[in-house]
Amino acid sequence: MIMIFGIPGPLLFGQLLLGLINGAFYAMLSLGLAVIFGMLNIINFAHGSLFMMGAFAAWMLLNYVGIGYFPALILAPLLVGIFGIVLEKTIISRLYKLDHLYGLLLTFGLALVIEGLFRNGYGSSGLPYRIPDILQGAVNLGFMYMPIYRGWVVVAALVVCISTWAIIEKTSLGATLRAATENAPLVQAFGVNVPRLITLTYGGGVALAAFAGVLAAPIYSVNPNMGTNFINTVFAVVVIGGMGSIMGSILTGFGLGVVEGLTKVFYPQASATVVFVVMVIVLLVRPRGLFGKAA
Amino acid sequence: MFGFSRAQSIAFVVMVVLIAVSPFVLYPVFLMRVLCAALFACAFNLMLGYVGLLSFGHAAFFGMGSYVAAWTMKVWHVDASIAIIFGGLTGAVLGFFLGYLAIRRSGIYFAMITLALAQMVYFFCLEAPFTGGEDGIQQVPRGHLFWFIDLSNDMTMYWVTAAVFIGGFLLVHRIIHSPFGQVLKGIRENEPRATSLGYRTDDYKLIAFVLSCMIAGVAGGTKALVFGIATLTDVHYSTSGEVVLTTLLGGLGTVFGPAMGALVVTSMENYLAQFGAWVTVTQGVIFMVCVLAFRRGIIGELGAFLRISL
Amino acid sequence: MFLTRRSALKTVAAATTLPLVGPALVRPARAQAPSIKIGVLNDLSGPYANTGGTTSVVCAKQALEDFGVATKGMNVEVISADHQNKPDLAVSITRQWFDRDGVDVLMDVPTSSVALALQSVAREKNKVYLNVGAASSALTGEQCSPNFISWCYDTYMLSKSTGGAMVKAGGDSWYFLTADYAFGKQLQDDTSKLVKAAGGKVLGSAPYPFPGTTDFSSFLVQAQSSGAKVLGLCNAGGDTVNSIKQAHEFGLNASMKIAALLMFINDVHALGLETAGGLSLTESFYWDLNEGTRAFTKRVLPKTPNNYPNMIHAGCYSATLHYLKTVADMGVAEAKKDGVATINRMKAMPVEDECFGKSKIREDGRNMVAAYLFEVKTAAESKGPWDYYKLKVTTPADEAWRPLADGHCPFIKA
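Taken in order, these protein sequences are the chains called A, B and C.
Per our numbering: the first sequence = residues 1 to 295.
Per our numbering: the second sequence = residues 1001 to 1310.
Per our numbering: the third sequence = residues 2001 to 2414.
Simulated from the structure, these hints should not be mistaken for laboratory data.
Keep in mind that the hints are not guaranteed to be accurate.
[As the list claims (entries may be wrong)] Away from chain B, derived, C-beta distances all over 10 Å, residues of chain A:
no. : residue
1   : Leu106
2   : Asn120
3   : Gly151
4   : Val194
[Claimed, not checked] The list that follows gives simulated cross-link-like pairs (lysine to aspartate or glutamate, DMTMM-like), each with its CA atoms no further than 25 Å apart:
no. : chain 1 : residue 1 : chain 2 : residue 2
5   : C       : Lys2125   : B       : Glu1269
6   : C       : Lys2358   : C       : Glu2124
7   : C       : Lys2037   : B       : Glu1269
8   : A       : Lys97     : B       : Glu1189
9   : C       : Lys2257   : A       : Asp133
10  : C       : Lys2337   : B       : Asp1154
11  : C       : Lys2377   : A       : Asp133
12  : C       : Lys2125   : B       : Asp1150
13  : C       : Lys2336   : B       : Asp1154
14  : C       : Lys2392   : C       : Glu2291
15  : B       : Lys1074   : C       : Glu2124
16  : A       : Lys97     : B       : Glu1191
17  : C       : Lys2037   : B       : Asp1154
18  : C       : Lys2185   : B       : Glu1127
19  : C       : Lys2125   : B       : Asp1154
20  : B       : Lys1185   : A       : Asp99
21  : B       : Lys1074   : C       : Glu2142
[Claimed, not checked] Cβ-to-Cβ under 8 Å is the rule here; a few derived chain A residues that face chain C:
no. : residue
22  : Pro128
23  : Tyr149
24  : Lys264
25  : Gln269
Yeah, the Cβ is synthetic: ideal placement off N, Cα and C, and Gly gets one too.
With the sequences and hints as input, model every part of the structure.
Here it is in structure tokens:
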């Protein structure tokens, strides 16, 4: 058995793989945040709660309506996305004329409300959600048992992340979006319905978070606190990646997942802090983040 | 006096009278909680209301001040005044290092960075042996002030806390109404212009940040002595969120806003404690209502209604 | 001034703040019959809301009903508050309860760090502190207090029952997954000692950052590669639920037995029998254990319909009942005056109720009840709602707890 730094090789590769899987969640969540921030200049503190709502939506669809996992992958983001659109139209759009900080504060309050309501309604023990049969079981890769479901998570996350990036950077819709954020009145003068575009973008970012939530439901217990556990790390990811950069968030998300995974092997107690340490280093060396645009 | 306008002087006198009279009517320990929260909010208001920078990690300074004061009190048996001073110094030193990292950015970036840095401090407090992890530092004696005033009596402790609060309050006010404060206002209004006038804006912002963190540390240290305990809650991001809520609700950028906000928020927590989860929901709702319709906060609205600046 | 929507909203917001200051006012003392107040302080909104929470309050109130306070002419009130697992909030609430609200008994209090903070407050004010929810065995050991009784479980009892019994059943090599804070580390320490004392080995451990870890996959894989026969989970609440779910996912349950060192029936319910089936855990109460427990559960269930009682809930009932018996014996005025005297009388009187049967409270404040090692039924074996446990090993009361001398409790004269 090869030993690398005193850790058996197979174990190390196993941890790298697991780190990649975690990174997939970080990437998806920070992608949604980056989209909303990059396009709308709003820090969506409620992102964690919307992620949680996605998981709950999947659970509710299963237990109240009998709709299973795969349809839920599409329906839950749709439902939560619509909720996001309603939010944007009624509350968030009022803040565009104000200082950006109010957006942060509003979404922070929103997160508290959403989490509190779900906690009141469903308690905090968590609710069970089964891995769908077709994805059950594990594959023996030799150095570890890899649950099929986790492999599916990585694949799904990659597909979604890359398609989102492609839409924003490579299509004309994306180009219009990017133009609208830089100079809304001018784009509006060209006849594009900018407010609607912004609303749909917010809904899209929310749907991304909800999609991550559905992916997470079978592995983490579906409980109201699941969002808060992720959100702090995800914010650090976004800061490191550069706050407006889509590709930056994706790459940093996966990268940090791997870094965290390695820390868990060598010094497990620090695995929660390592993200912030990386952030401090990045900030010292490159204040606008690895891929960020200058402020 | 102290740069207060006439209306503000009256309000100040009213506040001092209330502070003097209330312990005979209300529960002193509750009031001390309010005073510590109010001082913390005043420190925070200095950054947000006057310099225009939202620090989402201010609990780090409050909490570290709390831990250091608790530790020096318990282990070194120092005088209470020294413990509180240590708390303030901790806040200032930590503020300097974290501020140096964060100050190069502004606006939302600054908020995010301070949040993440505060999370680091939280994890440090979680792991470091001297902070006692989950248990925190417990059974901190109140000790003596100036070596002869025994603080174990609740009323005596109250007067000391009140004195610390009024001192801190006046200090914040003095900072604002000084040439230094004018430069800060100028930076908030139009930073490029301030730079073009030759002011090194980053330095000014950093100094203001350090001062704010120092006062937050003093508030934390006092709180540790009042309750005899310093725990992880003090450095948790929910405490950071709470001070934002307090200042926003009371009135951003007003002199008396933070104190009013502290009174309302602490009372609300007290009252709602029996209702469990509704505390979070209520706090969230108040946050949202404040941002949407009540941006000037209680004192701000009062001031606007009376056409004075409070 | 026009009544715009904004100004109306503002006025309402301002007006609602006024009644909030009201409760802080000191109410003038009114002459009336002295009444007993029991304060149930626990986590009503966070991770331990289902294992304690409002069901604990319901059970405490049930004790009032079963004791018949009305017929005996006693004035008893049960109040509750949420400490949100924060020691300073708990200290604040407790001081106010003792100083201003005339509360005589502090009850439940999960989360060992909170319990520790309240030990000194209860001692300072000479009140009665009946711990049901907190697990640390130090509370009747180095941190003991003459104002304190720990009712139905602690880390030592859990370790001995789950750890010791599992080793005897063949699980002689262990790997721990530990929440890296005082409670988790203590549980790991207690269990390691007992595993080794019973002839087993500890092959390794993975301390993970607490709180905030939701993904245990790396640690579980390390456990798997260690080759241990038993995976010991030194954590609680949501962490336990998550680690078990993920252990299942990685196929750990095929090669290892999973011992959840602190787990309640409500956590099993949250996991579902498909994932939880086969788990070993220890509780000192199970609703379906015997006639007495079934009768109690039947009475209390309508008031807490979605949450069956676990040992903490039953403990709140039992502690309240015994306290009331003691007060009736001593007289209300005497009981209110001196917490230490009340506790001493509680220790002198034998404890008996439907939930735990007969038990005795030791000098250090440890109520000695029997410990039961349960195995969770598989989905096929379960015949009805919440039919989750089968009894494997009973550790009788006199063997289940740490010997008095080993606790080093300061106020016990050796």
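Against the structure, the hints come out as follows:
no., hint, verdict
1, Leu106, "violated, 4 Å"
2, Asn120, "violated, 5 Å"
3, Gly151, "holds, 31 Å"
4, Val194, "holds, 22 Å"
5, C:Lys2125 with B:Glu1269, "holds, 24 Å"
6, C:Lys2358 with C:Glu2124, "violated, 31 Å"
7, C:Lys2037 with B:Glu1269, "holds, 22 Å"
8, A:Lys97 with B:Glu1189, "holds, 17 Å"
9, C:Lys2257 with A:Asp133, "holds, 24 Å"
10, C:Lys2337 with B:Asp1154, "holds, 21 Å"
11, C:Lys2377 with A:Asp133, "holds, 22 Å"
12, C:Lys2125 with B:Asp1150, "holds, 19 Å"
13, C:Lys2336 with B:Asp1154, "holds, 23 Å"
14, C:Lys2392 with C:Glu2291, "holds, 18 Å"
15, B:Lys1074 with C:Glu2124, "holds, 18 Å"
16, A:Lys97 with B:Glu1191, "holds, 20 Å"
17, C:Lys2037 with B:Asp1154, "holds, 24 Å"
18, C:Lys2185 with B:Glu1127, "holds, 13 Å"
19, C:Lys2125 with B:Asp1154, "holds, 13 Å"
20, B:Lys1185 with A:Asp99, "holds, 17 Å"
21, B:Lys1074 with C:Glu2142, "holds, 19 Å"
22, Pro128, "holds, 4 Å"
23, Tyr149, "holds, 7 Å"
24, Lys264, "holds, 4 Å"
25, Gln269, "holds, 5 Å"
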